[in-house]
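Residue numbers (this note's numbering), protein chains in the order written: chain P, 1450 to 1707; chain L, 1450 to 1707.
Possibly wrong hints are sitting among the right ones.
As the list makes no split between identical chains, a pair holds if one copy fits it or if it spans any two.
Said to hold, decoys possible - Mimicking BS3-like on lysine-lysine, the simulated pairs with C-alpha atoms at most 30 Å apart in a straight line are: (1) K1593 / K1573; (2) K1573 / K1626; (3) K1593 / K1542; (4) K1626 / K1568; (5) K1474 / K1593; (6) K1545 / K1474; (7) K1626 / K1593; (8) K1542 / K1474; (9) K1573 / K1474; (10) K1593 / K1568; (11) K1573 / K1545; (12) K1542 / K1568.
Since the hints were made in silico from the structure, they are not lab data.
Residue strings, one per chain:
Number of protein chains: 2
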Amino acid sequence: MLDRDEGRHTPYMVQPEYRIYEMNKRLQSRTEDSDNLWWDAFATEFFEDDATLTLSFCLEDGPKRYTIGRTLIPRYFSTVFEGGVTDLYYILKHSKESYHNSSITVDCDQCTMVTQHGKPMFTKVCTEGRLILEFTFDDLMRIKTWHFTIRQYRELVPRSILAMHAQDPQVLEQLSKNITRMGLTNFTLNYLRLCVIALFFFHLTCTTNPEIQHRYFKAHARTSQQPPQVVCDGSGGHHRAHKWVHKPERQNQKQGKG
Amino acid sequence: MLDRDEGRHTPYMVQPEYRIYEMNKRLQSRTEDSDNLWWDAFATEFFEDDATLTLSFCLEDGPKRYTIGRTLIPRYFSTVFEGGVTDLYYILKHSKESYHNSSITVDCDQCTMVTQHGKPMFTKVCTEGRLILEFTFDDLMRIKTWHFTIRQYRELVPRSILAMHAQDPQVLEQLSKNITRMGLTNFTLNYLRLCVIALFFFHLTCTTNPEIQHRYFKAHARTSQQPPQVVCDGSGGHHRAHKWVHKPERQNQKQGKG
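Assemble the whole structure, with the sequences as input and the hints as a guide.
See below:
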């Protein structure tokens, strides 16, 4: 942990990317017993109170973009492990840093999210893409926005398993099936979908004002010809999903700062 | 790079393990053009002038232990890449630090050396073992001794290749063959062997004193019944190889400090 008094004068001598190193270390210390409190503490250490986390990627049925607010971030990370992952870390290669008045941006075009899966057999999944992080430039140096655009992924299996089952086409076929979609488990994907649906209904039911409710539906009608739940689950394409998710986020931020 | 004046007062606020993170970053910045000068600068940044690097592992024919001195360390790292590796980094998990008067020891029982190979196909090799590092406790915080004891290794191949060749037993057999021995390429293994042979002959020819030469051979005779070159290439077992290598190293250190 950072000494606060010392930190105030020399915030971080090291690069902001060091925070990702620290995050990796923290993720290493997770155990089977790490509960919601543990994940809340994790998120509090690395994310601002009004932080957002965005994941963009392409599935078979088109581009997706999920943005979740601060309260949903702890659970996002925990779903990764609940989906069967035993290890998670991020490798940033050739990242670029830019300093602004109150923030630092780390732009890494060669980011790899590495997850290790124990079942049904040892698998390492390398999910590659561009990670853009915006940090608040103070002594806590926490993340304001996390945006990971997944480009490709690779599932790696031990060569030894190949050697063992080279004679068995059935086992080989089973072994050749991916266990993730774009590097994400179904557990995490479902969570992201749920987040967006929940957010939609939250904002819809939060207001009893029929005019605002009507505006939500009108906004939807403008951007999509599909039924509401299709937009909500994020499969409505890049820009539409973006609109639906970002609008309420901005409202949240205002409330938080007010 | 560390600001020297500032560094003198607050050497490293962060853990010494952070030096391995910095080493990983430096290794990332290697290119095809990185020449001997680049590797010398690399070693100078991370290793003390009298540093030693030791690798212990078991091959089919028994336990090996290679210790190389500071002058041979740059080339050791470069051989890794010359052997076909495109990426090299170290992941330390649950490492323990202990502070002494003038040094810090990092003992990591769950260290993974990760190498990425591009040929004959994409392969990730995870070499796991115990890494014990001794750092000098000053503002440079460089490594005095590096000792990596390899426990096991795992070669990982893309699942997609499996899917492509599931019907072809010949290709599968080819794919199931390891490209390293205990995670090390033949390039690196040969270099380690050469180092030890060279060191033996160096110390043998450095002295024209037949008595000292005789002592070398006598020491050999005491510890081995095998011909000299067998001991030199490190296959003479754990303790014997240790004896042969460490003795001259100590001489080197004395000369360096005198």
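Cross-check of the supplied hints:
1. K1593 / K1573: within (29 Å within a copy, 33 Å between copies)
2. K1573 / K1626: both (14 Å within a copy, 19 Å between copies)
3. K1593 / K1542: Both, since 21 Å and 27 Å are each at most 30 Å.
4. K1626 / K1568: both (13 Å within a copy, 23 Å between copies)
5. K1474 / K1593: Both: 20 Å inside a copy, 24 Å across copies.
6. K1545 / K1474: both (22 Å within a copy, 13 Å between copies)
7. K1626 / K1593: neither (37 Å within a copy, 46 Å between copies)
8. K1542 / K1474: both (18 Å within a copy, 8 Å between copies)
9. K1573 / K1474: both (18 Å within a copy, 22 Å between copies)
10. K1593 / K1568: neither (34 Å within a copy, 40 Å between copies)
11. K1573 / K1545: both (27 Å within a copy, 26 Å between copies)
12. K1542 / K1568: both (29 Å within a copy, 21 Å between copies)
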